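Each chain is listed here by its residues.
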Amino acid sequence: MRSDRRRSPRWERASPFTTACAALGLLFLHMPVWVIALYAFTTEDRTYQFPPPGLTLHWFEVAFARSDIWAAMRLSLLVAAVATLVALVLGTLAAFALARRTFRGKESITLLFVLPIALPGILTGLALLAGIRTLGLEPGFWTIVAGHATFCLVIVYNNVVARLRRIPPSWVEASSDLGARGHQTFRYVLLPQIASALLAGGMLAFALSFDEIIVTLFTAGHERTLPIWFYNELFRPRERPVTNVVAVIVILVTLVPILGAYWLTKPEGDRG
Amino acid sequence: MTPAIELRDASRAFGNVVALDRVSLAVAPGEFFALLGPSGSGKTTCLRLIAGFDQPDSGCVLLGGNDVTNAPPFARDVNTVFQDYALFPHMSVAENVAYGPKLRGVPARERRSRAHEMLELVRLDGFGSRRPHELSGGQKQRVALARALINQPKVLLLDEPLGALDLKLREEMQTELKGLQQRLGITFVFVTHDQGEALSMADRVAVFSAGRIEQLDTPRTLYVRPRTAFVANFVGSANVVTAETARELTGRADAFAIRPELIEIVAPGAPVGDGDVVCDGVVVDVLYHGATSRCRVRLSSGTVLAVDQPDAAAAAALTTGSSVRLTWRQALAAPLEG
Amino acid sequence: MGTSRAFSLQGRSAFYFALLLAPPLLWLGIVYLGSLLTLLLQSFYAIDEFTARVVPEPTLATYEVLLTQPAHIDIIVRTVAMAIAVTLASAVIAFPVALYMARYAGPRLKALFYVGILLPMWTSYLVKVYAWRLILAKQGIASWGFEQLGLMGALDRALAVPVVGGPSLASSYLGMFVVFVYMWLPFMILPLAAALERVPNTLLQASADLGATRGQTFRHVVLPLALPGLAAGSIFTFSLTLGDYIIPSVVGAPGYFIGMMVYQQQGTAGNLPLAAAFSVVPIVLIGLYLALARRLGAFDAL
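Protein chains in written order, with numbering that gives the first Met the number 0: chain A, 0 to 271; chain B, 0 to 337; chain C, 0 to 301.
For reference, chain A alone in the conformation it holds in the complex:
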């Protein structure tokens, strides 16, 4: 591949200007993440002084000893797990129903299945709050889960439906032709094909839910997820470096599923 590119004429290669801009753009996207990682180790605990006067692991120790952080973390993980589970079931059902069929009104239904991520999050949040109040419900764990499951469902649906549409109809026919009942075709042909899409969709949904703040602020009531804890720290900081440490933990917790999902949804040939 590389040798091919070396031989390509000059005008088919990127200009130095484009290359420089592309590199700077990528740098711009990554810089803040590294800054947070660096600040988690700073010895300065009052200002955001740069460069940090010294580095220490002390704040990790402090953070791990804080029970409020652990409680928020537990809640966030639980919410993400339950919301992902609900989203996996509902999203997969919807994907199977809508992957190939054409019928009247299908466009409105598919629109409904992208709306929760297409419309601004604040709208979803406020709408859910209005719904909760109208029904006279008490906001709490289950209202958070309901909100998260709604947009996580869309993520799972998109992942699974994209994979299902890539499965040629002839595979299902071939399986049936060779003697498979519906459940056997599902078990032996469809499930292996969509497994990685399910896993990827689930991981993305988990990461999205774990990190969600915009909708959650409306639906959480008195519950405090980790992002809400973080949000409160932004306005009423107790110990700034501890916030930095939590930021790094949040990045790590979301990074793993996202990288996993990326690897799972790559085209077959690219997989290293």
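Everything labelled a hint here was simulated from the structure, so no lab data went into it. Treat the numbers as computed from the prediction; the structure is a model and nothing was measured. No false leads were mixed into what you were given.
For each label pair, taking beta carbons as the anchor points, the in silico distance ranges come out as:
#, chain 1, residue 1, chain 2, residue 2, range
1, A, ALA64, C, GLU196, 48 to 54 Å
2, A, ALA161, B, VAL223, 50 to 56 Å
3, B, ASN69, C, ASN200, 50 to 56 Å
4, B, ARG122, C, PRO199, 39 to 45 Å
5, C, VAL162, A, THR42, 37 to 43 Å
6, A, ARG73, B, GLN151, 56 to 62 Å
7, B, GLY184, C, LEU111, 57 to 63 Å
8, A, ALA80, C, PRO22, 17 to 23 Å
9, C, PRO199, A, ARG73, 50 to 56 Å
Facing chain A, from chain B, some residues (calculated, C-beta under 7 Å):
#, residue
10, PHE52
11, PRO72
12, PHE73
13, THR79
14, PHE81
15, ASP83
16, HIS89
17, TYR98
18, LEU102
19, ARG103
Glycine included, C-beta positions come from ideal geometry on N, C-alpha and C.
Knowing the structure of chain A, use the given hints to seat chains B and C on it.
Structure of chains B and C alone, referenced to chain A:
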């Protein structure tokens, strides 16, 4: 004898498009049967009704005398080789081939040995542990064949089985499929848009056009006695002579088709035999085809006839604008309906 | 039509279809759509000024309050201006990145670019906002960087500009603008790169063959074909900026934005009808934006 497959007045429409219009046909056991036609002519719909992937809107499908019109594919003693082979990418070649027996609960050990036998049959022994994406087009085709034959179906359906292969391989596979069918004695039904393929492989051919069977005959009859202008043109090349032109040429207003290789070019004014048609015209162009040269001649009536000239030297002597005389034996022409 | 159709991709069995679709459809229909309709309904209620309670009678009073108070108009204009500025800047910055990854990078480098964009895109939203507060703070990295480059004077002059400036980057619209652009940049790059990737190489070769310089090819071939990608990306940047309420409250000058107003009205102010009416504004604006983009032919090349 009960036909292996029978379609009775089967119709199928998709929205406003009529894919199949009251089609009836019967395929004898052990026959190599071809469904030939251009795309959209209904041949694939016909195959899908037999396989059970689709149901007719009206009419019925019988297999070995039993009505299976609404039976699902897994309940039919029929297996299919798909156009895109439809090999499962997450299974090895052996697992693909053993899929049918697995569904029937055949023990793993027996499954393996039967898959091995089938792979031997299609000359792919040793390929069992490969993945479908590691195979060439021709090899995939053989795996699909082995997978479809392992259940020992009474009927094997092949949907454009050679369409994705290159010319050389296609010719090889034609011989191989024919040999396989004769050895196994199974009824083969295959769909193709390639008339050469249908003529060389099939015992009988159903020519489809616009959802109907235009003609159902042996390859030889189809070629020598096409009954409609469509068949004459689709199977081989032909000069279709309209009733009006026919009256000028033969004195009788009956449309007919005459193959280019049956027309002879003679010198203007040359004597001709009794009962032969004679006409004069001007050469439009000459195309060299190797074994023959295709010469197009415009008659005084304006009709253009194609003539195959086997003698390359004689063909080379013909130039655009030169006057020629054409002649053929009218007994060899095929009268057309309508 | 028996059980064979249960998982068939193109089966015709209405029963199984309904069985599959009903649970997700009910969920979205009741939980989501139901809530949205409730919200819309709320915007047609008004709050009783003395009792501070919502009066459940249809009225346009809340919309009147929304559209007649100059402070509210200011908020809408401010938000739209920011959304437009952010969209334009994102497009300019995203273009070379998308162009490079779509057209010039080899397969490995391209994969690296994708990961390089997806990672920050999916990194915690809140953490990124927080990171920018650290970066833009008075003694933070930004000022340090400007100082190292000897550009402190330029930064001071930029912060001295009325309206966009402020005491520090972290408390100015300029800083907020930078954060917005940063947050939504991946949403512009990805559709743009997808659109550019679909341009066949032969088109560029044909253009060069016909005598176009690199610049002419870009202007007459690449840019028009990238327009659908730009349009898609700009819908993201535009709508995300309109709806955000966290970034304006963490970074920037004290002026209110639509999202902040929604959050504040439903919360501390307790005026759900006004919050609802304010939340309708982004939808209307996005609708207008879509109509405009269509009118300008942004989707014609799709």
